[in-house]
Amino acid sequence: MSEHEMAAKSAKQLNDEMLSSMRTPTWRWYGLAFFLGAVAAWGLSAFTYQVMTDMSVTGLDRPVMWGLYIVNFVFWVGLSHSGTMVSAILRLSQANWRRPILRAAEAMTVFSITIAGLFPLIHLGRNWLVYFIFPPYPSQRGLWPNFRSPLLWDATAITTYIIGSSLFLYLGMLPDLAVVRDRSSGWRKKIFAILAMGWRGTAREWVVFRQTSTLMAALIIPVAVSVHSIVAWDFAVTVIPGWHSTIFPPYFVIGAITSGVAAVITLMIIIRRVFHLEDYLTPQHFDNMGKLLLVICLLWSYAYFVEVQTTWYAHEPIEWEVFSFMSGKYTPLLIFMLIGNSVLPVTALCFRKIRRSVKMMLVITVLVNIAMFIERFLIIVPSLSHKNMPFIWGTYSPSWVELSVTAGAFAGFALLYTLFTKFFPIVAITDVRELDVRQAEVRLGRAKLPSITTKE
Amino acid sequence: METLGIFKDTETAGRAVESLVKSGFPEETITSLTSTPYPDGVLVKTNQRTWFRWLSVGGGIFGACAGFALAAGTAYLYPLQTGDKPIISYYPTGIITYELTMLFAILGALVGMFMEMKLPPWRKRVYDPAIGEGAIGISISTTRDQLSRSCEAQKIMQNAGALRTTSEETL
Chain A
0 MSEHEMAAKS AKQLNDEMLS SMRTPTWRWY GLAFFLGAVA AWGLSAFTYQ
50 VMTDMSVTGL DRPVMWGLYI VNFVFWVGLS HSGTMVSAIL RLSQANWRRP
100 ILRAAEAMTV FSITIAGLFP LIHLGRNWLV YFIFPPYPSQ RGLWPNFRSP
150 LLWDATAITT YIIGSSLFLY LGMLPDLAVV RDRSSGWRKK IFAILAMGWR
200 GTAREWVVFR QTSTLMAALI IPVAVSVHSI VAWDFAVTVI PGWHSTIFPP
250 YFVIGAITSG VAAVITLMII IRRVFHLEDY LTPQHFDNMG KLLLVICLLW
300 SYAYFVEVQT TWYAHEPIEW EVFSFMSGKY TPLLIFMLIG NSVLPVTALC
350 FRKIRRSVKM MLVITVLVNI AMFIERFLII VPSLSHKNMP FIWGTYSPSW
400 VELSVTAGAF AGFALLYTLF TKFFPIVAIT DVRELDVRQA EVRLGRAKLP
450 SITTKE
Chain B
0 METLGIFKDT ETAGRAVESL VKSGFPEETI TSLTSTPYPD GVLVKTNQRT
50 WFRWLSVGGG IFGACAGFAL AAGTAYLYPL QTGDKPIISY YPTGIITYEL
100 TMLFAILGAL VGMFMEMKLP PWRKRVYDPA IGEGAIGISI STTRDQLSRS
150 CEAQKIMQNA GALRTTSEET L
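These protein sequence lines are chains A and B, in that order. Just so you know, numbering that gives the first Met the number 0 puts 244 at position 245 of the first sequence, and the rest follows in order with no gaps. Just so you know, numbering that gives the first Met the number 0 puts 141 at position 142 of the second sequence, and the rest follows in order with no gaps.
The shape of chain A in the complex, shown without the other chains:
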């Protein structure tokens, strides 16, 4: 939306439009929620079947003991990476175009890290003994739960990130919750009154709020980087060929940002279409996010090239064996991954026309994330299939149980997001309206100037 159009709308109109997602649900919305709920329930029932039987219902077997569940875990952690991080970086850099996309990105982080946190538990086997891994559990039965295991690093980092990103999401929503409170009635008003914590928007409250937003943004970025570095260390601190690499943490972080940025764009497109937010999520936003995705895809391509080139040039037998096995057995997947994560986005996103085309951006970003899921699979499975001892080399195919749980996870994420958009404002209302106020024009002689100067 142009500044003139924004200025022409009253605050009430802007509120009405940005809160349109919270209107009474339609039958189509109920249909979607029911469908997603049904798929999530199917995934849950497959997991229940696994608990009632044993891990033999999965495709996991020696030597591949990490399969689709861990692929999912890495993928969902990666997806969670960008929402909060993009939001935090754009807040710190005071990029004005960030405003309409903040909430969608932050909510994505919270729900994807929640889904990610479920997968180590699903993967665990004998889930009723889960409390054995929590410290400080005494060393009974010969088990010594301690922090030398990277899995406990994961548990700690993910807990920190879930709490941190949820609070970051809540903090950003605080003034918007007050707006919703003022417009609600009945039980909704009571709930939003509690959530808004008595916010009135006094000058002092705004001063403290803005300083806290900046501080939280500065604190959450290193946490986000640490989470995916720790997930990378799950692999890198082992001696398994293909994993034992110093480049893994930055490579994982770059991959995570790639999939996260792509997912934010995908969600922006869906939200824009479903809630008719074309005035707020404009081609300019897709153009800017497209440029960001282009840069990250270039970085990912560089990191992947460096990793493969080092393996190829050194030609260390077992490392090369793993790569040869991967490129031989999974050729179509490897080609798809390289096209989806590198060739396609890097070439297509160079063109402004494509970056500003919503349909093209939808296709590209969905392909980037499919390719990123494949990348996670190609990191995990081939390395375990061809470890150092050739007499136990093997392969892996996921079972229907693992595929069902995976489908359930995607549906669960979509359901959480769908419910969130219905109960909470999906666009950062006060952020957008603040820009409107700052860009309102005043006449000075023959010229029209912004009423309040802002740093761009």
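The reader is advised that the hints may include incorrect statements.
[What the hints assert, rightly or not] So these bits of chain A aren't anywhere near chain B, every CB distance computed over 10 Å:
#	residue
1	M325
2	R355
3	V357
4	F422
[Stated by the list, open to error] 27 Å max Cα-Cα, derived DSSO-like pairs, lysine-lysine:
#	chain 1	residue 1	chain 2	residue 2
5	B	K21	A	K188
6	B	K21	B	K7
7	B	K21	A	K11
[To be verified] Reference listing, derived: stretches of chain A covered by chain B, where coverage requires no fewer than 3 residues with Cβ under 8 Å from a Cβ of chain B:
#	stretch
8	47-57
9	85-98
10	154-161
11	173-182
12	210-216
13	221-232
14	396-402
These are computed hints drawn from the structure, not numbers from a lab. The beta carbon of each residue, even a glycine, is placed where N, CA and C say it ideally should be.
The hints should help you fit chain B onto chain A, whose structure is shown.
For chain B alone, coordinates are given in the frame of chain A:
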């Protein structure tokens, strides 16, 4: 005691603040209630200094101690000798200490923010839902024994173009 005037735009609200200050109301007792932030001085002047960051720092220090105790303490309490490696491993201890430091720093920042904002409030305060729809509220605090000053403030705000005024007394 708080008195609130509701204005339809920043110009009338700004005029009201100027009139209140000219009439002898101290500027630090006047505040604005808005649904979007305005730069300092557009409506009122506010103290920009805050202390809540210290709570974040305190949270971080507490988190660092807790993280170290959790990682090193459990290893010390339930020792597992692996070859000649140390019982307390630096690398995992560093990671857990870092994560808990950040977690408690974040929690400290949020708790500190609410404490500094004095939210949630313990008593009912003057407010108008029109503020959420873009109206500007100008509030002035007076002591309970200054009822006449409150009435005077209401009159000044009405003269400046307030749509309506309310006082905490009427709540």
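Structure-based check of each hint:
1. Every CB of chain B is more than 10 Å from the CB of M325 (chain A) (nearest about 29 Å), matching its label as outside the interface.
2. Every CB of chain B is more than 10 Å from the CB of R355 (chain A) (nearest about 29 Å), matching its label as outside the interface.
3. The claim that V357 (chain A) is not at the interface with chain B holds, since no C-beta of that chain comes within 10 Å of its own (minimum 28 Å).
4. A cut-off of 10 Å between C-beta atoms confirms that F422 (chain A) is not in contact with chain B; the least separation is 18 Å.
5. Restraint check: the Cα-Cα separation between K21 (chain B) and K188 (chain A) comes to about 39 Å, which exceeds 27 Å; the hinted pair is violated.
6. Simply put, K21 (chain B) and K7 (chain B) have alpha-carbon atoms about 22 Å apart, close enough for the 27 Å limit, and the pair holds.
7. Proposed proximity of K21 (chain B) and K11 (chain A) is contradicted: the alpha carbons are some 33 Å apart, above 27 Å.
8. For the stretch 47-57 of chain A, the assignment as covered by chain B is violated, since 0 residues bring a beta-carbon within under 8 Å of that chain's beta-carbons and 3 are needed.
9. For the stretch 85-98 of chain A, the assignment as covered by chain B is violated, since 0 residues bring a beta-carbon within under 8 Å of that chain's beta-carbons and 3 are needed.
10. For the stretch 154-161 of chain A, the stated coverage by chain B is satisfied: 4 residues place a CB nearer than 8 Å to a CB of that chain, which reaches the threshold of 3.
11. Check on the stretch 173-182 of chain A: 6 of its residues sit with their Cβ under 8 Å from a Cβ of chain B, so the three-residue criterion for coverage holds.
12. A stretch counts as covered by a chain when three or more of its residues have a beta carbon under 8 Å from one of that chain; for the stretch 210-216 of chain A and chain B the count is 4, and the coverage holds.
13. Using a Cβ-Cβ cut-off of 8 Å, 4 residues of the stretch 221-232 of chain A lie near chain B, which meets the minimum of three, so the contact claim holds.
14. Interface restraint, the stretch 396-402 of chain A with chain B: violated (0 residues with C-beta to C-beta distance below 8 Å; minimum three).
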